[in-house]
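Build the full structure now, drawing on both the sequences and the hints.
Chains D and Z supply the protein sequences, listed in that same order. Under our numbering, the final residue of the first sequence carries the number 87; numbering is consecutive throughout. Under our numbering, the final residue of the second sequence carries the number 1648; numbering is consecutive throughout.
Treat the hints with care, since some could be wrong.
[Unchecked claim] Per label pair, the in silico range of CB-to-CB distance:
| id | chain 1 | residue 1 | chain 2 | residue 2 | range |
| --- | --- | --- | --- | --- | --- |
| 1 | D | D10 | Z | D1228 | 37 to 43 Å |
| 2 | Z | P1091 | D | D10 | 39 to 45 Å |
| 3 | D | K32 | Z | A1136 | 29 to 35 Å |
| 4 | Z | E1466 | D | F14 | 54 to 60 Å |
| 5 | Z | R1231 | D | F14 | 24 to 30 Å |
| 6 | D | D10 | Z | S1391 | 32 to 38 Å |
| 7 | D | D10 | Z | K1143 | 23 to 29 Å |
| 8 | D | E17 | Z | D1046 | 23 to 29 Å |
| 9 | Z | E1387 | D | K32 | 25 to 31 Å |
| 10 | D | F14 | Z | E1608 | 45 to 51 Å |
[Unchecked claim] Among the chain Z residues that face chain D by a calculated CB cut under 8 Å, a handful are:
| id | residue |
| --- | --- |
| 11 | L1015 |
| 12 | F1067 |
| 13 | L1215 |
| 14 | I1310 |
| 15 | L1341 |
[Claimed, not checked] Derived DSS-like pairs: lysine-lysine, alpha-carbon spacing no greater than 30 Å straight-line:
| id | chain 1 | residue 1 | chain 2 | residue 2 |
| --- | --- | --- | --- | --- |
| 16 | Z | K1345 | D | K13 |
| 17 | D | K13 | Z | K1171 |
| 18 | D | K32 | Z | K1233 |
| 19 | D | K32 | Z | K1005 |
| 20 | Z | K1293 | D | K25 |
Simulated from the structure, these hints should not be mistaken for laboratory data. It should be emphasised that the depicted structure is a prediction, and the values quoted were computed from it without experimental measurement. Backbone N, C-alpha and C define an ideal beta-carbon position, used for all residues, glycine too.
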Amino acid sequence: MDNKEFNVEDYLKFLEEQSVQDRIKRVNNTVKVLQDVANNKMSGQEKEKFLSNLPTVSDDANGVATKENATPVEEIEEENVMDIDLQ
Amino acid sequence: MEKSKEEVVSKIRSLQGGWKFLFMDESIWKKIGEERLLKFANDCVDMSYYVRARTHQLDEFIKESDFQKEFLSIMGDVYGEHAVEILKDRPNLTLGNIPDVRVFHPTIYENFGPKFINALLNYNYSRVTDVVSYVAIIDSIIKDEKELQAFKFCKQIVESNAPENVYNYTKLFRTYSRYSDLMKDCCDQLRKDEHAITQERYETIKDIIVKGTDLRVLSLQEVDSYSDVSREKYNAQIETATRVSEVKRIILDRFFGLNFTEYSEGNFYRNTKNAQKLIEAYGVGKIIKYEEKLAKEGKPVHLDEGELKILKIMYAVTMYGGLSPSASESVSVLKEIYTALDTNKDQVIRPADVNSILAKIPTIYAEEINSRVTSVADLERKLEAGEKGISKEYKTVVKDGVEYKVPVIRLTGTEFGFYASTLNENLSGYASNGADFAHTWFEYENGVSHVSASLVTHESRESALEFKEKNSNRFTVVMPKTDDIIAMGSDDIFSSSDSRTAEIYATENEGFKFADEVIADTGNGGYDYNEFVFDRYSLQEERFANKVLPEGVIRNGNYVPQQMLEEALSFQRYLIENGLKPEDYEFPIFLVDTEYYNNNEFEQQYQESVARAEEFKELKVNDFDVLDYAMDVIIPPEYNLSDDGANL
Chain D
1 MDNKEFNVED YLKFLEEQSV QDRIKRVNNT VKVLQDVANN KMSGQEKEKF
51 LSNLPTVSDD ANGVATKENA TPVEEIEEEN VMDIDLQ
Chain Z
1001 MEKSKEEVVS KIRSLQGGWK FLFMDESIWK KIGEERLLKF ANDCVDMSYY
1051 VRARTHQLDE FIKESDFQKE FLSIMGDVYG EHAVEILKDR PNLTLGNIPD
1101 VRVFHPTIYE NFGPKFINAL LNYNYSRVTD VVSYVAIIDS IIKDEKELQA
1151 FKFCKQIVES NAPENVYNYT KLFRTYSRYS DLMKDCCDQL RKDEHAITQE
1201 RYETIKDIIV KGTDLRVLSL QEVDSYSDVS REKYNAQIET ATRVSEVKRI
1251 ILDRFFGLNF TEYSEGNFYR NTKNAQKLIE AYGVGKIIKY EEKLAKEGKP
1301 VHLDEGELKI LKIMYAVTMY GGLSPSASES VSVLKEIYTA LDTNKDQVIR
1351 PADVNSILAK IPTIYAEEIN SRVTSVADLE RKLEAGEKGI SKEYKTVVKD
1401 GVEYKVPVIR LTGTEFGFYA STLNENLSGY ASNGADFAHT WFEYENGVSH
1451 VSASLVTHES RESALEFKEK NSNRFTVVMP KTDDIIAMGS DDIFSSSDSR
1501 TAEIYATENE GFKFADEVIA DTGNGGYDYN EFVFDRYSLQ EERFANKVLP
1551 EGVIRNGNYV PQQMLEEALS FQRYLIENGL KPEDYEFPIF LVDTEYYNNN
1601 EFEQQYQESV ARAEEFKELK VNDFDVLDYA MDVIIPPEYN LSDDGANL
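Below, the structure is given as structure tokens:
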């Protein structure tokens, strides 16, 4: 921090932004890992319930819906909206 | 007889109280002058019994005496004019209430601002520090530039994961208390190499802060080895785990930063990491459905794609089990899940990911509920628009020869929603000692740290529309909208807290609900009111030492008794005394003429609210009997447990 050009606060902000961007990749990988286990090791109702509770994996790792830019309903494909079996 | 400097400093050292640090610093003695400070020190010792007292009369004595004036003067000379301004806003702050008088130091003021100092005066964060004490933290950051930078570094990382508010300052102080060495090493390494904090190191530091750890992490080098060491620890635990609940706990702890217990914990509190409790109290399944419903309807959502997925993953893993033929199969599958996540450990979900999402959930409920609340500004807009069912007039009150105008807003059919709170003695003790209404709200220092209110709307049941009149100092006031709903329930949730603590407990905390659920259920459980709990202080409130103040007084009926007019006037007079213009901060009386609301039209609105609540109930998690999946006995869904508990 004696280096006038380097600002720790800005650097931490950069790391946090990167973390948020990387998060979707971590999330999608986690879903794939869990889906693999479910498909290979689970069976019956337990498998159905677990898979239906999991989200789908998006192809666009950077696509995010935020409050400001929520996708209009006509663009959402039905298969991407999960119905959770809460029973 | 006045003690010498040596004697008085020795005596002060033995006393409790953050005020004593005024006398422990030789530079302050030089700045103020030995004679003046010695006299004040002797007065403090004489007063030391009194400064811890809480009664109104002694506070008045302290306020009016030369002692208080000299205290303000010395604080100004030692710490600067900002200290005097902050203290003037807090005329009832006794020396005994200040955990460490050095919070007024210019270093803290310049780096964190008056809101931070007021927060440190409103809450006693020394209760949450353990490894390094609170006073040691304050001492170090005002004396050592490197400690200050390390503290700021820590604050930024803590707040990357949870919003800056009075509650999360507990996390800040607890984290710095435990990890100050790590924070200092991070800053030292950055001085040598601006790339010292890699992305991986940053993620690991966040995880350590979120989860806490019993592993020693004092330096960046130990951050690097933390992942391997902690992995070994979890792998060893998995080897020997034989129960569903054990394996689930290990998975949720390592990858989600949550814990899992065999039975859901009783009370919900803000800091909980219990996965079942979070799902139950936050209604995670309901939030998922709600966000998807908003997206389907083309409305703005609160959680982005990644955040929603994290909730679903957390839900899926926590809820796994209960349908398998045997517990041993569940254990086996869960171990496969652990192994798969461990194999992909650098590319899967992390505790900090989960923590930041969970912190958002209460705000989602708050936004929905706030959309049904009408603030003074909302009602003024209705008046300006000429809406029917609302009117405003000014009642004249003459007090001490001065004429005042008290605004009265009469609701005769317009839609409304209020957070209605009954003032009582828990606030400060001042009310029971005859302090007037305004002084009680503006100047309390020793009341509990939270305020409870009841959501009342035009759709509420008739019995919920009755507001308490003044009875044992109880008026019903209207609290403003806030994002910071701590807890809620459609009945009394028996919330409790202490003075100067950021944590509350509620033995009947049902968890979060949407507005229609609350409205529909209020009155079903034996109480005519529901309960919402808010922080009494907010960093968004710039005036009056961060206090969240009521917006007005509310009453049923079609006229305002004189006593209520005079009580409401006290607010206006207090503002004038403090240099504010009444028109900048109107404090109206809301008159809800229930004659206009107890009719078929509003009964119909109540029924519509109930119907909407039913839709939310379909979204609700079928809360699941923790027995289903937590215990190692798997009960088929059709088995009737109520008949024979022995079968468990």
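Problem set entry | Numbered hints the structure breaks, given as an ascending list | As far as the earlier hints go, 1, 3, 6, 8, 9, 11, 12, 13 and 19 are violated by this structure, in ascending order.
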